[in-house]
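Required output: the full structure, derived from the provided sequences and hints.
If you read the sequences in order, they're chains C and B.
Residue 312 in the working numbering sits at position 312 of the first sequence, and the numbers go up by one each step.
Residue 271 in the working numbering sits at position 271 of the second sequence, and the numbers go up by one each step.
Hints may be right or wrong, so weigh each one.
[Claimed, not checked] With a Cα cut of at most 30 angstroms, we get these calculated DSS-like pairs of lysine-lysine:
id	chain 1	residue 1	chain 2	residue 2
1	B	K114	C	K24
2	B	K272	C	K229
3	B	K286	C	K286
4	C	K286	B	K227
5	B	K94	C	K114
6	B	K267	C	K286
7	B	K272	C	K267
8	B	K291	C	K114
9	C	K114	B	K43
10	C	K291	B	K229
11	C	K233	B	K286
12	C	K229	B	K34
13	B	K43	C	K291
14	B	K291	C	K267
15	B	K180	C	K291
16	C	K6	B	K114
17	C	K267	B	K267
18	B	K291	C	K272
19	B	K233	C	K272
Source of the hints: derived by calculation from the structure; they are not laboratory data.
There are 2 protein chains.
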Amino acid sequence: MAVTIKDVAQLAGVSPSTVSRTCKDHPSISEETKEKVRQAMQKLGYEPNFQASNLASQNSRTIGIVLPPSARETYENSFYLEAIRGISSFCNQKQYINTVVTGNTEEELLSVIKTMSRSGQVDGFIVLYSKQDDIVINHLYNEGFLYVLIGKAYQNINQTIYIDNDNILAAQEATEHLIKQGHKKIAYLGGDNSLMFSADRRAGYQLALTMNGIAINPNYCQELPFKKKDQIKAINQLLSSDDRPTAIVVCDDILAFTLEDICEELKLSIPKDIAIVSFNNSLIAKLATPKLTSIDVNSYQLGIEAASQMINHIENPNLMATKIIVPHHLVVRESSSLDR
Amino acid sequence: MAVTIKDVAQLAGVSPSTVSRTCKDHPSISEETKEKVRQAMQKLGYEPNFQASNLASQNSRTIGIVLPPSARETYENSFYLEAIRGISSFCNQKQYINTVVTGNTEEELLSVIKTMSRSGQVDGFIVLYSKQDDIVINHLYNEGFLYVLIGKAYQNINQTIYIDNDNILAAQEATEHLIKQGHKKIAYLGGDNSLMFSADRRAGYQLALTMNGIAINPNYCQELPFKKKDQIKAINQLLSSDDRPTAIVVCDDILAFTLEDICEELKLSIPKDIAIVSFNNSLIAKLATPKLTSIDVNSYQLGIEAASQMINHIENPNLMATKIIVPHHLVVRESSSLDR
DNA sequence: CATTTTTGCGCAAACGTTTGCACAATTTCA
DNA sequence: TGAAATTGTGCAAACGTTTGCGCAAAAATG
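Structure, rendered in structure tokens:
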């Protein structure tokens, strides 16, 4: 049997309440007594029982982490594990625990989330994606359950806490980087636009064009289908057209990698014929040939900040819903710059 | 305030203990009463309080997941997230929760693990790696704390529960696949051999050679350094030697990808001059040019099995330490086969 | 029909904390 | 020097379950 608060109390010659208060550094215990108690704790290797503490203080010190419902390919994106690692590392420090919830469909996720919240298993959820009309996010909102989004909120913007990059600005910078290299015929390849980050990146791309007096060519701005085959077809079409772009902003390294492949097949040289900038700065960007210029979104830090906000709101329930913007940075490599 | 067991008891006109026993389908409650209770639970949307239940039954229904202490690059391997997803999905089903623990060094991990086990935050740990002389694993073993390894145990083999692929067999199959293609000069590129999977794969490689009457060439069997630059240097050396191998078994897709790059630089055609087989069957294997033949180790399933074993041992403390072998399969692609 | 066995349920004591309140001891103030 | 304010500590009731034990009522037995 593990050592309990009573054991410590007995050894220190005080009552359990005094021990409890010492743990929380309560001001009404004298420094002298605290020292005595601390020594006893030390000696016995005391660690407060997590369950008992949670039951008494009516919380769980547990944060749910919701992965997007998706196909396996999505999870190859190192973004998710990095975000989880960020969250975990912060939780580990703060004596919180975290639990991943995953499922193949929104419904599966929802059912797990419902029992978790009802049974008090978690104090709140960090949702690792942001999507329009998502039933999970809608449920959390409607129930008034605490949650923070990684990604930009789609609705109820002022009532939801979210951690995001400034994806509009990031895409703008990516695009302007290409404009500075002299490109005018710049395309954008995005994914499902109901995902907020993809929509934002597209918006930033368009903004950059407009601000630099470049007309927007609707053929250049593509929302690619999910299936790889269809993606390849669409890209091939774009690159084979008479009015082929000379530069492309791509919403994701993996997609950019595929793009590079197609370019090679079509004998288009990168960055000479086609310059590329993409997002995430994952390992794949460094391994690709030529190496990909990519925007690093600091996924680990997104996780840290999300956990920090979460815990802050758990412990101070009447805080306002704030948003946090985590900085990004452009990492220039061969795919966009002849000088390198 | 959430609905408690007392509310249900009152509505059903029974005592709290009856409700509790109904939840666990205790045989000494009549079917009639159970039905009455179940209806009350349904009506109120009752979900037992996780903390209270855990406190009373002296467990935590929580599993710690230990990531290897490492540099960021390691986590780009989709293996980890897939294993976590497997664990989570099983936990979600069984009303368990899981918490990821991560750190930069073994010491950091150890300190978190110590407080977690002392405070009863977790019932056991699933360790996502297996390594010789690892202080985390040693600590868990010495304390007699429940843990399961994903990977093969290094010591105390009969006392530790582990879930693994048969990496020896897998590497053997990989090597034999190359031998069948007519190769005799086959090399092996591994990583840190204190990691069990790397050592096993090397053993399997050597076994295959021996069994097929091929002499083992020590120059062909390399334990590559961690730094990418040094890796490249070593590989270049191997490929530039007079006695260049014609086929290579590589312990990891990411490394194989780098190998492909070097081959291209050296104007070695794959699979004509060099055939390659690697491990993990990650996205990168499918994206590489040429596509990589790779052994799929079923990381998601490894996670599922690990969670299943863990829960089994939590609920039946006097079970023996068993090992589970999860099947792998070879996925043949362009990098090893001319026919494709 | 009386006795024993079985069945079905409730009582109440845990589980290990937290925290409002009471209260003695000490200090401050007039 | 006595009253009031402050300080430091302990008591005991929560928190919402689980579970050993006891005890009626019902069923089985002789």
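Each hint tested on the structure:
Distance hint between B/K114 and C/K24 is fulfilled; the C-alpha atoms sit about 20 angstroms from each other, no more than 30 angstroms. About 27 angstroms separates the Cα atoms of B/K272 and C/K229, which keeps this hinted pair within 30 angstroms; it holds. Only pairs whose Cα atoms come within 30 angstroms are accepted, and B/K286 paired with C/K286 is accepted, the gap being roughly 17 angstroms. Annotation: proposed proximity of C/K286 to B/K227 holds, straight-line Cα distance about 14 angstroms (limit 30 angstroms).
Of the pairs offered as hints, the one joining B/K94 and C/K114 holds, with about 14 angstroms between alpha carbons and a cut-off of 30 angstroms not exceeded. With a CA separation close to 21 angstroms, the supplied pair B/K267 and C/K286 stays within the 30 angstroms bound. The straight-line distance between the Cα atoms of B/K272 and C/K267 is roughly 22 angstroms, inside the 30 angstroms bound, and the hint therefore holds. With a C-alpha separation of about 42 angstroms, the suggested pair B/K291 and C/K114 falls outside the 30 angstroms cut-off, and the hint is violated.
Restraint check for C/K114 and B/K43: the C-alpha separation of about 15 angstroms stays at or below 30 angstroms, so the hint holds. Between C/K291 and B/K229 the CA atoms are separated by roughly 15 angstroms; this keeps the pair inside 30 angstroms, and the hint holds. Our distance criterion of 30 angstroms between C-alpha atoms is met by C/K233 and B/K286, whose separation comes to about 17 angstroms. Of the pairs offered as hints, the one joining C/K229 and B/K34 is violated, with about 54 angstroms between alpha carbons and a cut-off of 30 angstroms exceeded.
For the proposed pair B/K43 and C/K291, the alpha carbon gap of about 59 angstroms is over 30 angstroms, so the pair is violated. A threshold of 30 angstroms between alpha carbons decides the hint, and for B/K291 with C/K267 the separation of about 19 angstroms falls inside it, so the pair holds. Annotation: proposed proximity of B/K180 to C/K291 is violated, straight-line Cα distance about 35 angstroms (limit 30 angstroms). With a C-alpha separation of about 21 angstroms, the suggested pairing of C/K6 with B/K114 holds against the 30 angstroms cut-off.
Restraint check for C/K267 and B/K267: the C-alpha separation of about 18 angstroms stays at or below 30 angstroms, so the hint holds. Using a Cα cut-off of 30 angstroms, the hinted pair B/K291 and C/K272 holds, with the two alpha carbons roughly 26 angstroms apart. Distance hint between B/K233 and C/K272 is fulfilled; the C-alpha atoms sit about 29 angstroms from each other, no more than 30 angstroms.
In terms of the numbered hints stated before, the structure departs from hints 8, 12, 13, 15, listed from lowest to highest.
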